[in-house]
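Student: Sequence:
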Amino acid sequence: MKKAIIGVFLLLFAIVLVSTFHEEYPDEYDSIVGGLYITHGKLPYRDWFQHHQPFAYVVAAGLLPFTGQSFVKFRIAYGILLFSYHVGIYLLLRRRVRSPDIGFYLLFLLSVALASTYFWGQMLLADTLAAYLIIPGYALLVLKEYHKERFSRKDLAIVSASTFFTWFTSMTFTYVVIGLNLYAMYVFLKSDRGRYSLFGLIKIVGTIFVAPYALFLLYLIVTGSLKDYYFANIVYNQQYYIYNYPGGGTVNPIRYAAVIANNFINNYLPALWGVKDFSFSDPIQVTLALSNAALFVLLLLKKRFAFLFPFFMAILFSVARSNPQAIRETDYQSSVYILFSMFNGLFTLGALKKLLDEDVLKSSIRSIITVVFLLLSVYWFFNAAFLIMKFEQKFYPKYMGQAPLIYDYPQIAPLINKMITTDDYAWIGPFEFKELFYLKTQKLASRYHWFLKQAAVSKIKGEMVADFERSRPKVIVFKRAYSPWGGNAPEFNYFFTDFLDKNYVRLCRLNAALPDFAYEWTTGDPRNFQFATDINFDNQKKDEILLDLERQGLIKKGAKNTSLGQSCVEKE
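With positions in the sequence shown counted from 1, the corresponding number in our numbering is that position plus 42.
Hints may contain errors.
[Claimed, not checked] Between beta-carbon pairs, the in silico distance windows are: (1) Lys232 x Thr81: 43 to 53 Å; (2) Ile276 x Lys232: 27 to 37 Å; (3) Pro532 x Tyr127: 40 to 50 Å; (4) Tyr283 x Phe354: 39 to 49 Å; (5) Val277 x Ala427: 41 to 51 Å; (6) Glu400 x Arg140: 17 to 27 Å; (7) Phe354 x Asn279: 22 to 32 Å; (8) Gln435 x Asp143: 32 to 42 Å; (9) Val252 x Pro107: 29 to 39 Å.
Note that these hints are calculated values from the structure, not bench results.
Keep in mind the model is a prediction, meaning the values are calculated, not measured.
Virtual Cβ for every residue (Gly too), placed ideally from N, Cα, C.
Taking the hints into account, I'd like the entire structure generated from these sequences.
Tutor: As structure tokens, then:
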């Protein structure tokens, strides 16, 4: 048995390691850049604006001293951390749950690892990290309640840690956290009401669940970050970021919960109805829906009615930013729902098989269990094959050199690093986390190191310009036509381009004013930047910068009519 477990762990490590080299995404660089700022002694919210919870940045900050400013090394380190975490949680559950029936958890870990390139679980994203963090608490509640084991103070602390760090990573799953916490308190009070006085029970529950949040609040107060945190995570998110909330007033938590519930009901049930089609070409969303329905049936048959509360809170509010009827590749915002559903399905498969092996069931109950077991087995068989196929489709072309891996190849940061020192201010924007990660300067030109169209209709606009007027970066790279999710960039970035036109110069504008020659870059533009239009030099240091660039052979003087930098037409 031990050899089999070791074999599973080795296979798990291999899958996790291979997955680390798949794909990159701006939001992951956001997590890493935040971690980099922490290693430079800067604090979230107070020193730089961010509307996400901070734990992803803390994780990145813990890894960067070992990896340096290398994305490839960081991914490898994060993969090792994930593998260690998975193994640690398995060993923790084995220790805390007396029942021997947790072998399914090894299959769950393998399934999650195989699916990681599907839902981007190999990336350090808030949603994927939250999914990994919430599972231990949820799994412990499921296993303890199903097997009717005592729920001790240590179990309560594990659930509290699991839910707190989930919330500390993403407020998206606050309702899930509340549901699991309330149920954990209930089962603890039910299990241990004879061991402690009423005051003792209240003290234990209060300490375990309130202490982490109180400590975080104390940190915000002591560091002077509370006001900035409130604006970023409450005001900004409610007014500009929660895209699936109906307009017409302030955000009401109860109304927002109703919105999520309505979305779940109207999308989960159609996904579940797909069971009747037996379509296995892309079975993942039906398999996940069926997995949750199967656990629901199991809970009813085993008369675990009280557990229906955390069960529904978990699956219903895990889709706050996703759609159970439209699970698709790269859908990292469905990570929590995907992991909950995988856990529910594989746990239920094992539990149903054990019930069928026991010769104590009524014929009607046995018939129900047999149908559910067969349906779940068939869908999970094809779902496993589907995940293996998807994993192989990522691995094979990369191994054969037909598809790119991940690299430490920023496009414009190396050029900017030749113009600045670690003590100079510089910025690359408006939404260029990868390039910011590779900048060698340790100074932040502004608290707002990124902005999108919401900046133009909030206090960010004035504060950002004031920061840049004060720091006056030596060089600023700014893509004036960049406008993700549609829209016209000048309609929201005008305040910053006005600042640039007043205080900075670009080669395309400078060349238009030169009488006899024009400056041209000695290297061609990278894929996503135009040197002549995107790079802005401080007017006050223009001559110094140009001389330095000429000395380094980065620019040269060319004939006016053959210059590569005449046009000031920007591309997105």
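Student: So, for every hint listed, does it hold in this structure?
Tutor: Hint check:
1. With their beta carbons about 45 Å apart, Lys232 and Thr81 fall inside the hinted range of 43 to 53 Å.
2. The beta-carbon spacing between Ile276 and Lys232, approximately 35 Å, falls within the hinted interval of 27 to 37 Å.
3. Against the hinted window of 40 to 50 Å, the Cβ-Cβ separation of Pro532 and Tyr127 comes to about 45 Å, which satisfies the hint.
4. With their beta carbons about 26 Å apart, Tyr283 and Phe354 fall outside the hinted range of 39 to 49 Å.
5. Take Val277 and Ala427: their Cβ atoms lie about 47 Å apart, and the range 41 to 51 Å holds.
6. For the pair Glu400 and Arg140, the supplied restraint of 17 to 27 Å holds, since their beta-carbon distance comes to about 19 Å.
7. In this structure the hint that Phe354 and Asn279 lie 22 to 32 Å apart at CB holds, the actual value being about 25 Å.
8. Checked against the given bound of 32 to 42 Å, the beta carbons of Gln435 and Asp143, roughly 34 Å apart, stay inside it.
9. Distance hint for Val252 and Pro107: a CB-CB separation of about 32 Å, consistent with the stated range 29 to 39 Å.
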